[in-house]
Amino acid sequence: MKCQRALNEVFQQVFANPKLDIAPDMGPNDIDGWDSMAHVNLIAAVELHFKVKFDKKELRKIRTVGDLGQLVDSKLP
Amino acid sequence: MFPSSHVTMNLGDICQARVGGAIRADAVGLRLVTADLSARDYTFDQIDGMACQFANVLRDIGQDRGKVVAIFMPKGIEVFASFLGTLKAKSTVLSLFANFGDLALIDRLADCGASCVVTRRASLARLERIRTSLPALRVILVIDSDADLGQDVLSLPLRMGRASTTFQSARVDEETPSLIHYTSGSTGKPKGVQHVHGAAPHIAHSMAEVMQLKGDDLYWCTADHGWITGTSYGIIGPWLHGITQVQFTGGFDADSWFRVLVEQKVSVWYTAPTALRMLARADEVDYRSYDISHLRSIFSVGEPLNPEISRWGREALGRDIFDTWFQTETGGIMIANRPGLAIRPGSMGKPVSSIRAAILDDQGTPCSTRTTGHLCLGYPWSSMFRDYLNRTDTYRARFSQGFYDSGDLAYQDEDGYYWFAARNDDVINTSGHLVSPFEVESAVLELPEVAESGAVGAPDPVLFEKIVVFVALRRGFEASDELRMKIRLHVANRLSAAATPQEVIIVDRIPKNKSGKILRRVLRARYLGQDPGDLSTIEDQV
Chain A
299 MKCQRALNEV FQQVFANPKL DIAPDMGPND IDGWDSMAHV NLIAAVELHF KVKFDKKELR
359 KIRTVGDLGQ LVDSKLP
Chain B
2 MFPSSHVTMN LGDICQARVG GAIRADAVGL RLVTADLSAR DYTFDQIDGM ACQFANVLRD
62 IGQDRGKVVA IFMPKGIEVF ASFLGTLKAK STVLSLFANF GDLALIDRLA DCGASCVVTR
122 RASLARLERI RTSLPALRVI LVIDSDADLG QDVLSLPLRM GRASTTFQSA RVDEETPSLI
182 HYTSGSTGKP KGVQHVHGAA PHIAHSMAEV MQLKGDDLYW CTADHGWITG TSYGIIGPWL
242 HGITQVQFTG GFDADSWFRV LVEQKVSVWY TAPTALRMLA RADEVDYRSY DISHLRSIFS
302 VGEPLNPEIS RWGREALGRD IFDTWFQTET GGIMIANRPG LAIRPGSMGK PVSSIRAAIL
362 DDQGTPCSTR TTGHLCLGYP WSSMFRDYLN RTDTYRARFS QGFYDSGDLA YQDEDGYYWF
422 AARNDDVINT SGHLVSPFEV ESAVLELPEV AESGAVGAPD PVLFEKIVVF VALRRGFEAS
482 DELRMKIRLH VANRLSAAAT PQEVIIVDRI PKNKSGKILR RVLRARYLGQ DPGDLSTIED
542 QV
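Those sequence lines, one after another, are chains A and B.
Okay, so the first sequence: first residue is 299 according to the working numbering, each after it adds one.
Okay, so the second sequence: first residue is 2 according to the working numbering, each after it adds one.
One or more hints might be untrue.
So the derived list for chain B, only partly shown, Cβ under 8 Å to chain A, looks like this [unchecked claim]:
hint: 1; residue: 126
hint: 2; residue: 257
hint: 3; residue: 380
hint: 4; residue: 499
Below, in silico cross-link-like pairs of lysine-lysine (BS3-like), each with a Cα-Cα straight-line distance of 30 Å or less [as the list claims (entries may be wrong)]:
hint: 5; chain 1: A; residue 1: 355; chain 2: A; residue 2: 300
hint: 6; chain 1: B; residue 1: 266; chain 2: A; residue 2: 359
hint: 7; chain 1: A; residue 1: 373; chain 2: B; residue 2: 487
hint: 8; chain 1: A; residue 1: 355; chain 2: B; residue 2: 351
Part of the chain B face toward chain A, derived, beta carbon under 10 Å [said to hold, decoys possible]:
hint: 9; residue: 103
hint: 10; residue: 253
hint: 11; residue: 432
hint: 12; residue: 452
hint: 13; residue: 491
hint: 14; residue: 501
Read the hints as simulated data drawn from the structure, not as lab findings.
All C-beta atoms in this analysis are idealised placements derived from N, C-alpha and C, irrespective of residue type, glycine included.
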């Protein structure tokens, strides 16, 4: 993930955990507070931070940090 | 109000097989389906054994008899074992949403003096952050660590592994405290709603009358255990009847949820209108292509079911959706649609047969047909709450002339159907979660950029109501998308993701009356483009 460092900052902000250190294989069970409602906030924060937009089909594929990171990478210039 | 108290069944023993009872030890009591849709079955005997182990652990660490044990984790087998085990040990369960933020946790854990929290490793950092605000907290049990993590941060698996699968449950009477759920009001902190072991008769009766379960049913209640529905009808109710229940440990996802329904052959489904609305909007799923012939009944709870979703249920699923109504305080279903009662789309239905409901005016006089008034319930009934913790005066104020005032406004039609009109306060019902505008405003005010805030609920096609927060900034700060996001995330982390403001509107001033009270009706009217009404009491025109 090229965006990992910046993505980590977004995760830290969304889940209010400055010590959070994301890894590609992490999912909702590994990060405190990452449930379906918090996921909506996460996506909105990622879209705002990276100035990108995800469509419904792309969103359905996100299961892990790595899925999200790859999606962001694919949209960055 | 409750003059007599008799020895009754300990609610922690509901999975225990008894001669002539509903439970067969080797029957499946729980099927846990994980996010990848794999399933694991637990027999009633296994569930009861784990509950006994948990009760033994509590006794060993001095957390039995009169303590408050908080369950703070996502759905999993440990939720059920710790819920029942705590009751067996005669301590009280505090059932929390796993997504509660720091402020929400402090308000609840400190108010009820919880001395034990059962949680997972991922939530430890959150608890450590607030630990100094929780002087009563003695021990944290961690469900996913095989070793102790500190002197008072203990491994639950380690202790469960050593504990006996038998436990002589504590003797309880009908008034013995069992469970606390917190609920929000317009003002002040959330209130701890106290329930008792004697709640079983109404929960069992309402479930039988409304859901009409049969012995071979597979029942799925989607509610989280942090919600009264998740405990009354996601733990206690089905097992009082010896029914096998499915629980899904993944998050909401239309395709996954529908696959659970289909693959597990769920026959009775209890869910929320928000989930049904999200399913209805998931246009990528062709529901007609699935075989749901086994699905006999669908019920919903949490917020009024709009007629459009009733129609969607008939068209897309070929099923009626039966809306039900109750509250944290009532502990069980009070008014409901159910099979055998003709549905009037949008109506709450009719009272459960043992419940006396009435629409009363401000003086306590019955309202005439189709006149909106206070929705009140004649008391007592077994599952009703017994107190607001530390706020007994507020509790007593809800009762008058033999009736409990629900705080909802409703009317009755000429055929006895009840129709919800509105809340009688400013509480926001967002996807079934009652959120206090005061709590949202307080959280927003913690941010250094914010001078004033006002929160209101506004209609939303999916959430029923969305939270809209108006914010006046301190001098030197400017509105930006980043600041709006910061406010959203701050509220989510301090309260819960469910309390996230969907819109943040920056204004110059928040309208208040001359005594400083936020005029939320003015904010709501402004948002909806309506006439704000009488502005004579406003501090300054805005």
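Structure-based check of each hint:
1. 126: It holds, given that the least Cβ distance between residue 126(B) and chain A is near 6 Å, below 8 Å.
2. 257: 10 Å, violated
3. 380: With a closest approach of 34 Å, the residue 380(B) hint is violated.
4. 499: This hint holds: residue 499(B) lies near chain A, its Cβ roughly 6 Å from the closest one there, short of 8 Å.
5. 355(A) with 300(A): Holds, at about 22 Å.
6. 266(B) with 359(A): Roughly 26 Å separates the two Cα atoms, so the pair holds.
7. 373(A) with 487(B): At roughly 24 Å apart (the allowed maximum being 30 Å), residue 487(B) and residue 373(A) satisfy the hint.
8. 355(A) with 351(B): Given pair residue 355(A), residue 351(B) is violated - Cα atoms ~42 Å apart, limit 30 Å.
9. 103: It holds, given that the least Cβ distance between residue 103(B) and chain A is near 8 Å, below 10 Å.
10. 253: 4 Å, holds
11. 432: 8 Å, holds
12. 452: 23 Å, violated
13. 491: Because about 8 Å separates residue 491(B) from the closest Cβ in chain A, which is inside the 10 Å limit, the hint holds.
14. 501: 6 Å, holds
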